[in-house]
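**Q** The primary structure of each chain is shown beneath.
4 protein chains.
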Amino acid sequence: MARAEPARRGPKRNETSRRAILTAAFEITRVDGVRNLTVEGIAARAGVGKQTIYRWWPSKTDVLLEALAVTADLRVSVADRGSYRAELTEFLRDSFALLAAPGVGEALRGLMAEAQLDPDFGARFRVDFLERRRAALAEVLDRARARGEAPARLPDDLIADLVFGTIWYRTLATDRTPGEDDAAALLDLLAPAVARAGTPAEGENHGPVE
Amino acid sequence: MARAEPARRGPKRNETSRRAILTAAFEITRVDGVRNLTVEGIAARAGVGKQTIYRWWPSKTDVLLEALAVTADLRVSVADRGSYRAELTEFLRDSFALLAAPGVGEALRGLMAEAQLDPDFGARFRVDFLERRRAALAEVLDRARARGEAPARLPDDLIADLVFGTIWYRTLATDRTPGEDDAAALLDLLAPAVARAGTPAEGENHGPVE
Amino acid sequence: MARAEPARRGPKRNETSRRAILTAAFEITRVDGVRNLTVEGIAARAGVGKQTIYRWWPSKTDVLLEALAVTADLRVSVADRGSYRAELTEFLRDSFALLAAPGVGEALRGLMAEAQLDPDFGARFRVDFLERRRAALAEVLDRARARGEAPARLPDDLIADLVFGTIWYRTLATDRTPGEDDAAALLDLLAPAVARAGTPAEGENHGPVE
Amino acid sequence: MARAEPARRGPKRNETSRRAILTAAFEITRVDGVRNLTVEGIAARAGVGKQTIYRWWPSKTDVLLEALAVTADLRVSVADRGSYRAELTEFLRDSFALLAAPGVGEALRGLMAEAQLDPDFGARFRVDFLERRRAALAEVLDRARARGEAPARLPDDLIADLVFGTIWYRTLATDRTPGEDDAAALLDLLAPAVARAGTPAEGENHGPVE
DNA sequence: GCTTAAGCGAGACGGTACGTCTTGTCTTACT
DNA sequence: AGTAAGACAAGACGTACCGTCTCGCTTAAGC
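Respectively, the protein sequence lines represent chains A, B, C and D. 0 is the number of the first residue of the first sequence in numbering that gives the first Met the number 0; add one for each residue after it. 0 is the number of the first residue of the second sequence in numbering that gives the first Met the number 0; add one for each residue after it. 0 is the number of the first residue of the third sequence in numbering that gives the first Met the number 0; add one for each residue after it. 0 is the number of the first residue of the fourth sequence in numbering that gives the first Met the number 0; add one for each residue after it.
Hint data in this document are derived by calculation from the structure and do not stem from the laboratory. There could be a bad hint or two in this list.
[Claimed, not checked] Here are the simulated SDA-like pairs of lysine to any residue, each with C-alpha atoms no more than 20 Å apart in a straight line:
1. B:K49 x B:G104
2. B:K49 x D:Q50
3. C:K49 x A:T51
4. A:K49 x C:E39
5. A:K49 x D:E39
6. B:K49 x D:R8
7. D:K49 x A:E39
8. B:K49 x D:P10
9. C:K49 x A:R12
Just need the whole structure built from these sequences, with the hints factored in.
**A** As structure tokens, then:
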């Protein structure tokens, strides 16, 4: 039962500085863009020494990553809503709302960019963000599988690739941020409205011809 | 009546330098990563003055973009193969092969990253690369629509989002570069195998239950 | 009988820490040079908190100054030896020996350097070291004056300037640390061997005319 | 007769920047003291990039050294004045005047200090400054020897040590900057007024007995 | 064949930000 | 209260690249 950090001597980490740093990082990103996010800028705006940033974060982008978690509400609901369709609807709506929050889109684009340029940060970004989002969706899908609602032909991994792929592609490669209609189209594809019990609306979901 | 360079005096652009610059940019990216791609590095490796680079390209990333087009074979076939399924298969296979070519993945990830950080380059990247890819797929889809093969419920734009979204998400956010099985799954979803002429296999493609 | 600090509460100053700090300061200077003497380094080597240093010394150089007094034997004999010449001989020999002791030269050069850069330390260095050395020489000269041995034409201040000037100049500006022959030359100049008893070569020693 | 740098291509060194840097270094030293001389400060005051300083000087103190040579008139006359005494008088007067010039004393003290802390600079300082001063005095002494005026018992090296030792000791260790009376006293000691023509007081000047 | 304008390799320049280092103060937990 | 440990704000260090500019050479079109 030994505690990891049993009793250090010396001052504790300054929580005020920590919050000031996170706020500064997010604000700079929101207002001036990630390109203009610098350690010196964060330190200056937070009224903090640069060393304090280097002491606690591996890079300025890690500051932004933590700032995102602290500043924006990252909670995307995965509560049990009784049906796969309802839960997926909520998941998409929450995800899109998050993206639309001021500053969040810019921050996420910056994080994903940095993840490409700095492989070490990339690994942390995957573990601390991307895979968490996937795990959240996986919860919904697990419940759907248990209820027998999830589309049989689509493996969960592909569903996740399609959902997150679309969201990220829209964010990174176009300026059409995903909205209600996109949610509807994705739902139609991934969670076709069940007509009724028995044979559930075969062919209605996206059948090619008619 | 467009004037085509009305007769300049002095030497012409040095094609040798141009090739050396493109090669250097691609090689540095392949070997050291985009993060370590610098104008000074390109110039040094190409045995060229920095000014020669600044004279002809707006940014080092634009050099890389052109290098990609020159070095890798970007041609993804959109030839008429008789059926939507065959053409989509070929499109996906070619796209995946391109991504798998040495250095190309790293370069594309770097370009997409830079597109997030530098809005001006972002615009050029969309026009010169992303939208070309979309247009290529659109050709296939147009022919499919004309043949009556394309899935009715899925708008072309969504199909493109799904295809490119998945490809890019896999490239940027995971290390599972897309392969044969992914092609098969996407095909199943977007171009269900035609049962027979007339009503082509309604509901078989991904129907939720059974 | 009034004690200045008549009865403080709490623990007394830790003599062990004090000695460790002084030793650390001198050792670092001796081994790595004054340039690499830092408060952090002293604290680390002495196994001591930085605050303990800042509490008791105005600057790291003051630590070194005290360390010098403690570590090196700064006692330069000014005992009555019967004659000016004998005493000056001993004074010079002792001074040169001090300079030659390992670490002392480096420390003194560092102290003099710091005295130039930090006027406050400069003042302390003069009072606590330079003027003490002058006072020591003055003792010898006073006795010589009383005996009627000292060169009449040379004021004591100039003798001190010449003695210490030569020592310091040699130390700071050349790598010829003063030795036996220098002592001899200085003696010849400042304390000419007495020709005969009575009026000891007044005017001959340097005063050419009168 | 091939020149060493026969024809470089590319821009030449910017003389305006060079002068601005030297002036800035000297001014900062004069006004704020050597302690406050920083590369960043020089660059800012000179309106110059830091790299331009690092490109051409090994350290900020080397800038100051060159600034001293440029700003202050370092010329101390060693012209032939007919007699040793006249020339030594002029040498001392010029040297003292140099030290008294505004900013020069502070600069020289800083240079000597830095020479103690940074052995590499120390070596350059000796060659570029200290030994030049010695060489100047040596010229005077050589002529004096040729004329048979120089004090027989004092080797030239000792004379130099005494002269420069006194000057530097006064500058570094006291606040009594040397003046007219010091010049007189030194002259009396090192260049006794010649009693009469012919045999110029040989042996009288300082040689006690023989 | 001379002129002249551009392209070119080289690299100096004014800048910005980097990540590190040290300073001197302050805070915490232990003795 | 004194101490060891160490977090903190501040700010200089020396480095790496940026994008611009200047030099002296080479190369062609146009006179």
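**Q** Looking back at the hints listed earlier, which ones does the structure fail to meet?
**A** 1
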